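Residue strings, one per chain:
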Amino acid sequence: MRPLVLGIETSCDETGVGIVRGDELLANVVASSMDLHARFGGVVPEIAARAHLEAMEPTIQRALVEAGVTLDELDAIAVTAGPGLAGALMVGVGAAKALGVAAGKPVHGVNHLVGHVAADALAGGPIEQETIALLVSGGHTSLLHVRDIDADVRTLGETIDDAAGEAFDKVARLLGLGYPGGPSIDAAAVDGDPTAIRFPRGLTAPKDRERHRFDFSFSGLKTAVARHVERSADAGELSVPDVAASFREAVVDVLVTKALDACAHTGVPRLLLGGGVVANRRLRELAAERCEAAGVALRVPPLSLCTDNGAMIAGLGARLVARGVAPSAPGFGVESTLDAGVIQIA
Amino acid sequence: MILAIDTSLGTSIALVDGDRVVAARDEHDTRRHAEVLDVLLSDVLGEHRHAVTQVVAGLGPGAFTGLRIGIVAARTAALGLGVPWVGVCSHDAVGVAEAGLVQVTTDVRRRERAWSLYDGGQRVQGPALAPAADVPIVDGARRIDADWIGAAGLVAALHAGAEPSRDAIYLRDADAVPSAAPKRVAR
Numbered sequence: 001m002r003p004l005v006l007g008i009e010t011s012c013d014e015t016g017v018g019i020v021r022g023d024e025l026l027a028n029v030v031a032s033s034m035d036l037h038a039r040f041g042g043v044v045p046e047i048a049a050r051a052h053l054e055a056m057e058p059t060i061q062r063a064l065v066e067a068g069v070t071l072d073e074l075d076a077i078a079v080t081a082g083p084g085l086a087g088a089l090m091v092g093v094g095a096a097k098a099l100g101v102a103a104g105k106p107v108h109g110v111n112h113l114v115g116h117v118a119a120d121a122l123a124g125g126p127i128e129q130e131t132i133a134l135l136v137s138g139g140h141t142s143l144l145h146v147r148d149i150d151a152d153v154r155t156l157g158e159t160i161d162d163a164a165g166e167a168f169d170k171v172a173r174l175l176g177l178g179y180p181g182g183p184s185i186d187a188a189a190v191d192g193d194p195t196a197i198r199f200p201r202g203l204t205a206p207k208d209r210e211r212h213r214f215d216f217s218f219s220g221l222k223t224a225v226a227r228h229v230e231r232s233a234d235a236g237e238l239s240v241p242d243v244a245a246s247f248r249e250a251v252v253d254v255l256v257t258k259a260l261d262a263c264a265h266t267g268v269p270r271l272l273l274g275g276g277v278v279a280n281r282r283l284r285e286l287a288a289e290r291c292e293a294a295g296v297a298l299r300v301p302p303l304s305l306c307t308d309n310g311a312m313i314a315g316l317g318a319r320l321v322a323r324g325v326a327p328s329a330p331g332f333g334v335e336s337t338l339d340a341g342v343i344q345i346a
Numbered sequence: 001m002i003l004a005i006d007t008s009l010g011t012s013i014a015l016v017d018g019d020r021v022v023a024a025r026d027e028h029d030t031r032r033h034a035e036v037l038d039v040l041l042s043d044v045l046g047e048h049r050h051a052v053t054q055v056v057a058g059l060g061p062g063a064f065t066g067l068r069i070g071i072v073a074a075r076t077a078a079l080g081l082g083v084p085w086v087g088v089c090s091h092d093a094v095g096v097a098e099a100g101l102v103q104v105t106t107d108v109r110r111r112e113r114a115w116s117l118y119d120g121g122q123r124v125q126g127p128a129l130a131p132a133a134d135v136p137i138v139d140g141a142r143r144i145d146a147d148w149i150g151a152a153g154l155v156a157a158l159h160a161g162a163e164p165s166r167d168a169i170y171l172r173d174a175d176a177v178p179s180a181a182p183k184r185v186a187r
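Line order of the protein sequences matches chains G and B. At position 196 of the first sequence (counting the first as 1) the number is 196 in my numbering, and the numbers step up by one without a gap. At position 52 of the second sequence (counting the first as 1) the number is 52 in my numbering, and the numbers step up by one without a gap.
Simulated from the structure, these hints should not be mistaken for lab results. It should be emphasised that the depicted structure is a prediction, and the values quoted were computed from it without experimental measurement. Positions of the beta carbon are idealized from the N, C-alpha and C atoms, including for glycine. Each hint should be verified, as a subset may be incorrect.
[What the hints assert, rightly or not] Interface residues of chain B toward chain G, partial, derived using beta-carbon atoms under 7 Å:
id, residue
1, 34
2, 41
3, 43
4, 84
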């Protein structure tokens, strides 16, 4: 069975609508409010939610046209129910519910993080196989052990403070670079020396291994960068390229080190990357290098499926429908801190 | 038949045929719009899905998070039903039915109320924001502190010539201040 499913994603600043038939991608339309957040240096929840309201219905229409299907033909609607910004999630859930009732289609409220894993199925990945997933974006930094994407996903660890993408944004601000921080730090790092400054790798000390082996922390790193920038600027010897390259190396090093430690710990020789920070070239490079050395198969879906999008939500919904999972019960709500272990809201 | 949705206070959904309310469901809880939406909407639509010719949304004013759910629901319900949608000011649901000079106010949280002034069923001023304890007094106007906006009233407002629009009525900017220069971390 290859269900035709429309997926809606509004957990952060992207209004995403995708349509799939089984694991075949038919449409992936995204309206982003990123530019509206630039002068604030980060996503402003109320601005994001207002933009979702304006973009939602036109984005659904565009996806239907792109896929060449009608609402009548759909088997189901899937929508991100969490984790994410509550006010933003509610726009998507409200839209999905009203569309579902009006068009007579069942609605599945699904997990955003597991959606990132499901994205790989649309890119032809071996989705049936057990994998470790490293999901890194402006809102999340999570390591998941995916035994079975439709039924058994466990959170191994996540950030205890800032998300990795958020750290990029904040350090970009410190360095006077643009928003979002990922691309601007990448550009600044081109001529920098990644070994120039030894910035701390959060939660990698032996004392952290027991409780936080697979967790992340980036707030100490951000402070270390701030101290370095002040000290060297005062001394008139600040090198923005060196700071950018060394900071990026510290983030990417800890992400890949912990991901491969998770592969070793679980004995799973597969690693899947997801989330907007995958756009970072150095992350992809280092992951490829170290995975090869460790004999771990690396999957990196195309960027349009790594950043937040509705197609991955549709893809996850299609898998659940094909498996005969009942839709979410009427009256379900959003959960801004939904754990990856909850693949669908019952 | 016209399907009406208002979430400027609680969640109110109604189906109206001419002057007759065919079905209506209200949930007064002001923090459960996203949850109750599908339950109320399917109760109201029942077997009438194919009889709906238009959807009308209450555009506010109201608390943002809840307000948006009703508007986006009206828009996607219209899409799902294959009919057009339009919005009207939520205060119109109350104000157009009143004779004489009437000031309608509703709670918009943060110790503020939104108010609109109606003369003979026509909105002549507002909606505007005021401190809850200091809503402007309009000479000769009867004040109605509405604790409920019933969705059927939106249809009545539309029939009475309320001005249609498609923009949410927020009355407040999104809370955000552009970031200042970073603070020093070291002394």
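Those earlier numbered hints the structure runs against, lowest number first
3, 4
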